[in-house]
Amino acid sequence: MKFGKEFAAQMVPEWQGAYMDYDYLKTLLKDLQTFNQRTKQQTIPHGLNRSLSMYRAFSGLLVHRHSQQYMDPSSPDVEDHPISVNSVDRNGSEKYETTFLMQGDKGGEYELVYFRRLDDEFNKVDKFYMSKVAEVTQEAETLNKQMDALIAFRFKVENPQEWSWQDRSDDITRLASTINVSVEH
Numbered sequence: 003m004k005f006g007k008e009f010a011a012q013m014v015p016e017w018q019g020a021y022m023d024y025d026y027l028k029t030l031l032k033d034l035q036t037f038n039q040r041t042k043q044q045t046i047p048h049g050l051n052r053s054l055s056m057y058r059a060f061s062g063l064l065v066h067r068h069s070q071q072y073m074d075p076s077s078p079d080v081e082d083h084p085i086s087v088n089s090v091d092r093n094g095s096e097k098y099e100t101t102f103l104m105q106g107d108k109g110g111e112y113e114l115v116y117f118r119r120l121d122d123e124f125n126k127v128d129k130f131y132m133s134k135v136a137e138v139t140q141e142a143e144t145l146n147k148q149m150d151a152l153i154a155f156r157f158k159v160e161n162p163q164e165w166s167w168q169d170r171s172d173d174i175t176r177l178a179s180t181i182n183v184s185v186e187h
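Here the sequence shown is numbered in the numbering used here, starting from 3 and rising by one per residue.
For the record, the hints were derived by calculation from the structure and aren't laboratory data. For every residue, glycine included, the Cβ atom is placed at its ideal position computed from N, Cα and C. Heads up, some of the hints might be wrong.
[Claimed, not checked] Cross-link-like lysine to aspartate or glutamate pairs, in silico, DMTMM-like; alpha carbons within 25 Å at most:
hint: 1; residue 1: Lys4; residue 2: Glu16
hint: 2; residue 1: Lys134; residue 2: Glu96
hint: 3; residue 1: Lys97; residue 2: Glu160
hint: 4; residue 1: Lys134; residue 2: Asp33
hint: 5; residue 1: Lys97; residue 2: Asp172
hint: 6; residue 1: Lys129; residue 2: Asp33
hint: 7; residue 1: Lys32; residue 2: Glu96
hint: 8; residue 1: Lys147; residue 2: Asp122
hint: 9; residue 1: Lys129; residue 2: Glu160
hint: 10; residue 1: Lys134; residue 2: Asp23
hint: 11; residue 1: Lys147; residue 2: Glu96
hint: 12; residue 1: Lys7; residue 2: Asp91
hint: 13; residue 1: Lys42; residue 2: Asp23
hint: 14; residue 1: Lys147; residue 2: Glu137
hint: 15; residue 1: Lys42; residue 2: Asp107
hint: 16; residue 1: Lys97; residue 2: Glu8
hint: 17; residue 1: Lys32; residue 2: Asp122
hint: 18; residue 1: Lys126; residue 2: Glu8
hint: 19; residue 1: Lys158; residue 2: Glu8
hint: 20; residue 1: Lys147; residue 2: Glu160
hint: 21; residue 1: Lys134; residue 2: Glu8
hint: 22; residue 1: Lys28; residue 2: Asp122
hint: 23; residue 1: Lys126; residue 2: Glu160
hint: 24; residue 1: Lys126; residue 2: Asp172
hint: 25; residue 1: Lys147; residue 2: Asp172
hint: 26; residue 1: Lys7; residue 2: Asp107
hint: 27; residue 1: Lys28; residue 2: Asp91
hint: 28; residue 1: Lys4; residue 2: Asp25
hint: 29; residue 1: Lys158; residue 2: Glu143
hint: 30; residue 1: Lys42; residue 2: Glu16
hint: 31; residue 1: Lys97; residue 2: Glu111
hint: 32; residue 1: Lys108; residue 2: Glu137
hint: 33; residue 1: Lys32; residue 2: Asp107
hint: 34; residue 1: Lys108; residue 2: Glu16
[Claimed, not checked] The following label-pair restraints were derived from C-beta to C-beta distances:
hint: 35; residue 1: Asp25; residue 2: Arg176; range: 51 to 59 Å
hint: 36; residue 1: Phe9; residue 2: Lys147; range: 35 to 43 Å
hint: 37; residue 1: Tyr131; residue 2: Gly110; range: 26 to 34 Å
hint: 38; residue 1: Lys28; residue 2: Ser89; range: 38 to 46 Å
hint: 39; residue 1: Arg176; residue 2: Lys7; range: 52 to 60 Å
hint: 40; residue 1: Lys7; residue 2: Lys147; range: 42 to 50 Å
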């Protein structure tokens, strides 16, 4: 089964809006590949023309006209990499931006469009993920408060001589409201 079909088959329907737009990103890659093939046909004699695979469509990831340093991700020199990914603070939230460093190359504008869209899709997924983490964290805090209340209540039930009637009434009311808050979430 192809990735796109497998991806669609495993989507959680209520989270569908939070998934990456795989089809659109694939379309952008195909446009880039088509441009590179047309450009290559114009510059390479017909007998030497070879088809590009999808991963070779990026001029920044293929070292056909640049030094081998581009392929070394461990290189400390930022200028040796075709992209730079940075975390930026926009409107109080952290987002990631990719800067394509080879915009001046043939087809660079296609790659720039692709990386911008990829950033948008990645940030959409990241924002969704962070919201789900916040929900789970809030729920865990509520459950911890309930557990603390239940433990305190159990202690008082097991030791009734230390618990006045007024305290019992107050504790039961507090416990009921804590459980009620949890049920509403």
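Do the hints match the structure? See the list:
1. The straight-line distance between the Cα atoms of Lys4 and Glu16 is roughly 23 Å, inside the 25 Å bound, and the hint therefore holds.
2. Straight-line distance between C-alpha atoms of Lys134 and Glu96 comes to about 16 Å, which keeps the hinted pair within the 25 Å bound.
3. Between Lys97 and Glu160, the direct Cα distance comes to roughly 52 Å. Violation of the 25 Å bound is thereby established for this hinted pair.
4. Simply put, Lys134 and Asp33 have alpha-carbon atoms about 34 Å apart, too far for the 25 Å limit, and the pair is violated.
5. A threshold of 25 Å between alpha carbons decides the hint, and for Lys97 with Asp172 the separation of about 47 Å lies outside it, so the pair is violated.
6. A distance of roughly 28 Å separates the Cα atoms of Lys129 and Asp33; the hinted pair therefore is violated under the 25 Å criterion.
7. Between Lys32 and Glu96 the CA atoms are separated by roughly 30 Å; this puts the pair beyond 25 Å, and the hint is violated.
8. Distance hint between Lys147 and Asp122 is unfulfilled; the C-alpha atoms sit about 38 Å from each other, more than 25 Å.
9. At roughly 46 Å between alpha-carbon atoms, Lys129 and Glu160 are farther apart than 25 Å, so this suggested pair is violated.
10. For the proposed pair Lys134 and Asp23, the alpha carbon gap of about 20 Å is at most 25 Å, so the pair holds.
11. For the proposed pair Lys147 and Glu96, the alpha carbon gap of about 30 Å is over 25 Å, so the pair is violated.
12. Our distance criterion of 25 Å between C-alpha atoms is broken by Lys7 and Asp91, whose separation comes to about 35 Å.
13. Simply put, Lys42 and Asp23 have alpha-carbon atoms about 29 Å apart, too far for the 25 Å limit, and the pair is violated.
14. A C-alpha spacing of about 16 Å is found between Lys147 and Glu137, which places the hinted pair at or below 25 Å, so the restraint holds.
15. Taking the CA atoms of Lys42 and Asp107, the gap is about 13 Å. The hint holds against a cut of 25 Å.
16. Between the alpha carbons of Lys97 and Glu8 the distance comes to roughly 28 Å, so the proposed pair goes past 25 Å and is violated.
17. Restraint check: the Cα-Cα separation between Lys32 and Asp122 comes to about 19 Å, which is no more than 25 Å; the hinted pair holds.
18. Among the hinted pairs, Lys126 with Glu8 is consistent with the structure: their alpha-carbon atoms are about 21 Å apart, no more than 25 Å.
19. For a cut-off of 25 Å, the pair hint linking Lys158 to Glu8 is broken: about 55 Å separates their Cα positions.
20. Annotation: proposed proximity of Lys147 to Glu160 holds, straight-line Cα distance about 20 Å (limit 25 Å).
21. Straight-line distance between C-alpha atoms of Lys134 and Glu8 comes to about 24 Å, which keeps the hinted pair within the 25 Å bound.
22. Taking the CA atoms of Lys28 and Asp122, the gap is near 15 Å; set against the 25 Å cutoff, the hint holds.
23. Between the alpha carbons of Lys126 and Glu160 the distance comes to roughly 51 Å, so the proposed pair goes past 25 Å and is violated.
24. Annotation: proposed proximity of Lys126 to Asp172 is violated, straight-line Cα distance about 46 Å (limit 25 Å).
25. Among the hinted pairs, Lys147 with Asp172 is consistent with the structure: their alpha-carbon atoms are about 16 Å apart, no more than 25 Å.
26. Taking the CA atoms of Lys7 and Asp107, the gap is near 34 Å; set against the 25 Å cutoff, the hint is violated.
27. Proximity of Lys28 to Asp91 is assessed by CA-CA distance (about 28 Å); at most 25 Å being required, the pair is judged violated.
28. A distance of roughly 12 Å separates the Cα atoms of Lys4 and Asp25; the hinted pair therefore holds under the 25 Å criterion.
29. Distance check on the hinted pair: Lys158 and Glu143 sit about 23 Å apart at the alpha-carbon level, within 25 Å; holds.
30. Our distance criterion of 25 Å between C-alpha atoms is broken by Lys42 and Glu16, whose separation comes to about 44 Å.
31. Between Lys97 and Glu111 the CA atoms are separated by roughly 22 Å; this keeps the pair inside 25 Å, and the hint holds.
32. A hinted pair counts as satisfied when its Cα atoms are at most 25 Å apart, and Lys108 with Glu137 does not qualify at roughly 46 Å.
33. Between Lys32 and Asp107 the alpha-carbon distance is near 18 Å, which keeps this suggested pair within the 25 Å criterion.
34. Between Lys108 and Glu16 the alpha-carbon distance is near 41 Å, which puts this suggested pair outside the 25 Å criterion.
35. The hinted range of 51 to 59 Å is satisfied by Asp25 and Arg176, whose Cβ atoms lie roughly 53 Å apart.
36. Separated by about 39 Å at the C-beta atoms, Phe9 and Lys147 satisfy the suggested range of 35 to 43 Å.
37. In this structure the hint that Tyr131 and Gly110 lie 26 to 34 Å apart at CB holds, the actual value being about 31 Å.
38. Taken as a hint, the range 38 to 46 Å is violated for the pair Lys28 and Ser89, whose Cβ atoms sit roughly 26 Å apart.
39. Distance hint check: the CB atoms of Arg176 and Lys7 are about 53 Å apart, consistent with the given range 52 to 60 Å.
40. The given range of 42 to 50 Å is respected by Lys7 and Lys147, whose C-beta atoms sit roughly 45 Å from each other.
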